[in-house]
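In order, the protein sequences belong to chains A and B.
Going by numbering that gives the first Met the number 0, the residue at position 58 of the first sequence is 57; the numbering climbs one at a time, nothing skipped.
Going by numbering that gives the first Met the number 0, the residue at position 47 of the second sequence is 46; the numbering climbs one at a time, nothing skipped.
These are calculated hints, taken from the structure and not from any lab test.
In this text, a Cβ means the ideal position worked out from N, Cα and C, and glycines have one as well.
Mixed in with the good hints, there may be bad ones.
[Claimed, not checked] The calculated lysine-lysine pairs, modelled on DSS-like cross-linking and capped at a C-alpha distance of 30 Å, are: (1) A:K90 - A:K136; (2) A:K236 - B:K11; (3) B:K11 - A:K238; (4) B:K40 - A:K234; (5) A:K108 - A:K192; (6) A:K238 - B:K16; (7) A:K236 - B:K14.
[Said to hold, decoys possible] Computed from the model, here is a short list of chain A residues facing chain B with C-beta under 10 Å: (8) F232; (9) K234; (10) E241.
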Amino acid sequence: MGKSMTVRRLNAWYGAHQVLHEIDMDIEENRVTAIIGPSGCGKSTFIRCLNRMHETHPQARVEGDIRLAGESLFDLDPVDVRRMVGMVFQKPNPFPTMSIFDNIAIGLKLAGVRRSSELRDRVERALRMAALWDEVKDRLAKPATALSGGQQQRLCIARALAVEPEVLLMDEPASALDPISTMRIEELIEEIKQTYTVVIVTHNMQQAARIADKTAFFYQGHLIEMDDTTQMFTKPKDKRTEDYITGRFG
Amino acid sequence: MQQRQAFDIALKELKLKLLHMGGDVQESIRHAVAAVLKHDKALAERVIERDREVNRQDHETEDLCIRLIATQQPVAGDLRRIVAGMRLAVDLERMGDLAVDLAKTALRLTAPPAPDVAHHLQEMAQAVDGMVSEGLNAYVNSDPDAARRLAEMDDAVDRDYRLLVERLFADGPDASGTPQERMLIAFCGRYLERIGDHVTNIGESVLYILTGERSDLN
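The shape of chain B in the complex, shown without the other chains:
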């Protein structure tokens, strides 16, 4: 039983690592969005700097999973938690990279976006932030309903993205901002939309842990 105790402690450690990483990534996304909206270059630099820490957490989580596979030969629910843990870490790391992409866009912009575009972008960012919270809740509470809700939330984010792009390019040559700036804002929408897709992957991993079944939430 001693060995199982050590294994249980290690599985809890895996969960805590992922939650910690998830919290950090969520904060990076929030800061990156704020950097774009407020044209805050210092904040953007901090997001880029912080990504190293997220990458380190990804490697640490992967190392823990590899060690558990090698030493514990996990099966059944244990195996699913560890395999899904590795996938979760990869999704979170990619979400961190997308936060960096947002932050780099903030550095390229010459001014904050126009108010109506900023409004659209902010609404989309809030919807994505809600998805990240729901994804992490689904994982920590082992909640299949929360995981499944992510599919609907992602549809809403996809709609927001479409509206943002339509708004950006609806006015033709009379629109506010240069074409290059409008493109940069469209990219921001694209990065947020991709983050939403990674959160649906988190939902799929949660459902795999709970049921052993593959699902498609995106």
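Okay, chain A solo, but in the shape it has when bound:
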């Protein structure tokens, strides 16, 4: 089962530039939460804070409280945090020199899985969960780069799921994909929320409306409004939300 996250008074900076201001948010377990907002509004920074990736940037700084099922992320080893809170990026980034199998096995090996039978089982489980198994089961030794863009992205999702995180962060996971691949990723998100908590950044309003249970609108580093997705897309409370989702700016 996925776990919930709570964010309180989160502020983040790049150098002197503050990119997030006093963000409070409750992310419910086993739900899909979409983060929307115009470019530069801080949405990617926000999800990078959720697995402590933001602070890996040399000039980055973060203040505030982020908890995973009640436990502060800042009391944990960052490596453990990133295992519990996985991430998938906009552009599929499989390890180019590795086979399809090794792309997934590498994370498991680093996590201490040694027995080859267990490795095989867990690679298969991850690929099945990412709805990729049937397409690659006969060519697991082939390089990951032989896959299509959509398949590569599902491979990256499988790689993130293999280490069994509690939360999966997705930063525009379908923006570089064709409509059919996008649909498969969306179906996949719907599937995996049974087991994981999903937070997705998207520029595609319809995508947020289709797949998210909750939607949060960020603007200029502030969380303007967060509500049930249906509410957000039929009668948002804040005029800035309405203006953004109806294309009046952004």
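Please arrange chain B on chain A, whose structure you already have, making use of the hints.
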């Protein structure tokens, strides 16, 4: 921004289409009532003929709404305007059908109604006409107060209808006109009362556009 401009123009077009349709339907209702009161068969025929145009406007409005949903994927206020626009067109089209029902009744009558009954019917028709005007005003001016006023106006129309029917059947066998004619006039009252109900739906659609909330004005 270009795309949004085209969308804004299309939303204005939707509003204009609905207002045009509303104006035509209101005129049809007025003519249909006049056809009954003056026993003017030629006018009744014109109302029936004109209904084709109202139906065409309904289809055109619906097509525009479907096109906007398919091409613009509207959300929030835009979505509410388009969904409510489709409902408004359906209500107006039904009001047009009721005007046709009035006109057909005018054709079935053998003489104008008796003066006292005509007076009741005319008063009721005026109240309904006021409702249609107020409903269209509420839509064009995005006026929630005007939309809510329709509930009271509809109550008054319902009272008028009751009085009309009581008047028609109060005198028993001594009343003026044949029972069949009295029934036809009672139907006219019923058609007007139904038009009033459709105007309350228009008010509800206006409130949905403005607030996103469902309301019950009838």
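Which hints from the list above does the structure break, by number from lowest to highest?
4
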